[in-house]
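Q: Please put together the full structure from these sequences, using the hints given.
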Amino acid sequence: MSVDPKLKARLGVVLIGVALAVLPFVVGASFGNSWVRIIDFALLYIMLALGLNIVVGFAGLLDLGYIAFYAVGAYLYALLSSPHLAIAFPQVFAAAPGWPVWAVLPLGALVAGLFGVLLGAPTLKLRGDYLAIVTLGFGEIIRIFLNNLNAPANITNGPQGINNIAAAQIGGHALNRPLELFGVMVPGVHLQYYFFLALTLLVIFVCLRLQDSRLGRAWVAIREDEVAARACGINTRNVKLLAFGLGATFGGVAGGLFAGFQGFVSPESFGLLESIMVLCMVVLGGMGNIAGVILGAVLLALLPEALRWGAVPLQQTLFGKVLIDPESLRLLLFGIALVVVMRWRPAGLWPSALRKRELAAHGEAA
Amino acid sequence: MSTPLLEASGISKRFGGVQALRDVSLAIRAGEVYGLIGPNGAGKTSFFNVLTGLYSADQGEVRFNGQPLPLGVPHRIAGVGIARTFQNIRLFGAMSALENVMVGRHIRLRTGVLGAILRTPAARREEADTEARAHALLRYVGIDRLANQQATHLSYGDQRRLEIARALATEPKLLALDEPAAGMNATETAGLRALIEKLRGDGLTVLLIEHDVKLVMGLCDRVAVLDYGEKIAEDVPDVVRRDPRVIAAYLGTEAVDA
Amino acid sequence: MDIFIQQIINGLVLGSIYALVALGYTMVYGILGLINFAHGEVVMIGALTALTAIGLLVPSGLPGPVVVLGGLLIAIPVCMTVGFTIERIAYRPLRNAPRLAPLITAIGVSIVLQQLAMIGWGRNYHTFPPLLPAAPHQFLGAAITDLQIIIIATAAALMAALVWLVTRTRLGRAMRATAENPAVARLMGVDVDRVISFTFVLGSALAAVAGVMVAANYSIAHYAMGFMLGLKAFTAAVLGGIGNLGGAMLGGLLLGIIESLAAGYIGDLTGGFLGSHYKDVFAFFVLILVLVFRPSGLMGEKVAERA
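Chains as they are written, first to last, in numbering that gives the first Met the number 0: chain A, 0 to 365; chain B, 0 to 257; chain C, 0 to 306.
Quick caveat, the hints were computed from the structure, so don't treat them as lab data. From the three backbone atoms N, C-alpha and C, an ideal C-beta is built for every residue, glycine too. Be aware that one or more of the hints could be misleading.
DEER-style ranges, computed between Cβ atoms [claimed, not checked]:
| # | chain 1 | residue 1 | chain 2 | residue 2 | range |
| --- | --- | --- | --- | --- | --- |
| 1 | C | Ile2 | A | Gln315 | 54 to 60 Å |
| 2 | A | Asn32 | C | Arg94 | 49 to 55 Å |
| 3 | A | Glu326 | B | Gly182 | 24 to 30 Å |
A: This is the structure:
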């Protein structure tokens with residue numbers, strides 16, 4: 000039986016497209032709209048994980064402060080789309096800046112990317128494990144500054160964070176409000192879903208294109224053997240900086256979306272554990288493999304909910320009370336996952352395309 | 000003779016208390032296979048690493064094609080046309096053989112971030128051309144049938160060939176091979192020798208560091224001998240072989256009566 | 000009261016603790032080339048174990064210092080076991096893995112320990128009971144307590160003992176040989192696996208002592224205390240030159256003093272723009288500056304090029 004593989008692939012794309020299009024309605028109708036919200040977050044995590052994947056998965060640079068770029072994007076969006084600046088600095092800002100989303104997101108991406116390059120420039124010549132510590136330190140510095148920059152000038156509003164952030168507006172419609180389309184009421188979370196989905200697909204597209212290019216090969220070459228990469232004529236410093244900057248850019252975009260979606264930001268969303276969670280998504284799914292990273296992000300984004308629905312009742316039936324709250328159970332599982340994956344499945348849950356191709360080549364030979 | 004392709008003058012390099020290279024000068028002519036030999040620890044690999052940019056030199060300069068070589072900056076050295084292989088093979092293990100060679104093309108390609116994302120016609124042409132050339136190079140070294148195999152899964156001899164193909168992908172004027180026959184059996188060495196002959200036949204200049212004196216003496220147009228970081232001889236193999244200083248340097252370690 | 004002298008004293012106390020923890024990082028790094036991220040968590044476990052033991056011992060009516068010593072003597076073997084287990088389960092299987100793998104594992108272990116501690120000890124702060132005399136002595140116009148003197152003296156004694164162990168004993172020689180070249184050491188008859196286990200156990204014992212010191216010094220302990228402490232101690236190890244015992248001690252003391260002075264003077268230096276709540280940032284700035292400008296540290300050999 001032979002079906003034209005091209006046709007098959009097209010059919011697959013159409014099916015996936017339809018599934019993604021109706022997903023929020025199906026999920027919303029079966030489980031309630033709070034689950035659509037969870038899916039929205041999963042999309043944000045996919046973007047974050049794909050950004051970190053460029054740095055860790057492709058280029059092999061262990062960045063433990065990646066969430067800082069997410070924070071930069073989120074705070075930038077918050078400052079430019081909330082009344083905070085007008086309240087804190089009335090003499091400078093007569094009114095809330097209220098920038099449109101199509102201007103804030105690219106700006107957030109740019110600024111986060113700039114931060115990435117600024118951090119990377121002095122540190123990328125360091126050995127891998129030193130780089131990990133420096134990026135970790137950098138992430139903490141950003142968080143400490145966010146926490147404390149409410150005095151003497153109130154820039155970040157300190158630990159309380161910034162609220163009243165306007166949701167993204169597209170075509171004059173704020174995405175957190177329902178919209179009537181062809182007689183169907185589409186809730187805000189659904190609109191956000193489509194918005195995030197579009198950007199996630201864009202990010203995936205960019206990653207796929209980069210992976211299959213001169214730059215993607217150069218990143219993997221550096222990961223595999225930096226000395227040999229240099230001997231091949233790769234300017235390792237520039238190419239690493241590029242990975243850092245691009246990864247940060249994705250983080251910045253995701254951060255902006257997060258701020259607009261959530262309506263408020265505070266430093267506690269940007270701690271080390273968040274960085275590690277994103278790292279976990281990359282490692283669990285399969286470092287360097289885009290499909291694997293997406294899988295990892297989805298799994299870990301859904302994990303807390305699964306634990307809330309599964310682990311809590313289970314503990315209650317078994318022990319009569321909740322011994323381990325879902326939050327620390329989640330973190331415990333992250334930690335165990337990192338150890339177990341590195342020990343027994345370092346390529347992650349989803350083996351990379353190369354190995355599949357190789358298996359196929361073996362199959363032909365046999 | 001015309002001006003040499005590569006001319007090193009007065010290269011010195013120190014590591015802590017060890018003088019690895021002392022005032023080494025030598026010249027490699029275009030189109031020849033030039034051998035560099037010497038007992039263990041004579042400074043062969045140090046010289047090689049200076050030449051390919053891995054180390055900077057404490058003193059001295061290298062002129063390549065009439066221009067001063069940017070010592071200490073490997074990627075620029077690859078850019079001006081010196082490619083190398085490594086004594087202990089250094090491939091990109093997780094990549095396929097084909098991808099390894101494609102990485103070698105890096106410096107000859109232009110596609111940037113935007114070109115790669117938008118896949119412009121220029122980028123697409125470049126990518127197709129890169130793949131075609133990589134296949135051609137794999138054919139040239141005789142391992143095109145392994146193009147899609149992961150590099151780490153290749154046999155030892157094939158890994159050496161792949162490394163040479165990757166070096167050739169940078170379009171070098173000078174190919175520097177660091178002990179390519181190390182760990183090879185007789186058949187593999189014979190194959191390697193044939194490959195180097197073929198490279199010479201195609202007009203490439205080759206610098207060969209080798210432990211296998213027999214291979215060097217049989218293959219090279221000229222040979223230089225290093226001992227304790229100093230050049231003690233440089234001539235055609237027949238002359239070098241009879242040089243009393245060379246014999247003294249090798250005495251008790253290896254015979255030169257190949 | 001002389002603020003400068005006071006900050007120096009506080010810095011020495013803090014620095015003694017950092018130095019003890021830094022020794023654990025530097026020994027493991029020297030031998031395995033691995034940053035044992037989980038080391039800070041071992042300190043935390045030492046502190047909380049000791050506090051639990053002290054809580055059980057207080058009703059016995061024994062004198063305060065004896066109770067504290069009892070807590071310490073229970074915390075030390077617990078931490079040694081934890082250190083030994085970490086190495087066996089998590090790091091040993093990865094000795095020949097790509098360099099990213101043990102790092103990621105170390106982060107995983109760190110989280111696991113932290114969450115286990117949270118499950119066992121809860122999210123609350125545990126207070127250290129007032130068992131040690133707290134009346135300050137006057138010293139050069141500043142105040143110093145018995146506890147502070149004990150901390151500095153104990154740390155100094157332990158460091159001297161460690162140096163003796165490493166330089167003068169058979170085991171110490173085996174450690175140095177392994178750090179130099181594990182393969183050669185093995186050929187020379189050194190049981191490399193045992194040496195590595197021992198290094199972890201030794202570092203963990205020091206961590207236990209440091210944990211008790213931190214808890215006593217700040218009067219509290221908490222399941223999340225290990226992270227920042229570990230990071231600072233690692234900074235101290237890098238500052239001194241990682242892999243170098245003397246460097247870890249020097250780096251620890253220096254970092255403690257830098258941090259104390261900076262916390263005391265930053266308000267004045269920045270015209271009130273930055274306050275003492277930024278003190279945690281200094282350690283990171285020191286770390287980044289050292290790594291960028293002198294990655295080999297103050298006393299270390301050049302390690303930056305070792306791939």
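Q: If a hint holds in the structure, say so; if it does not, say that too.
A: Structure-based check of each hint:
no., hint, result
1, C:Ile2 with A:Gln315: 54 to 60 Å, "holds (55 Å)"
2, A:Asn32 with C:Arg94: 49 to 55 Å, "holds (50 Å)"
3, A:Glu326 with B:Gly182: 24 to 30 Å, "violated (54 Å)"
In terms of the numbered hints stated before, the structure departs from hint 3 and from no other.
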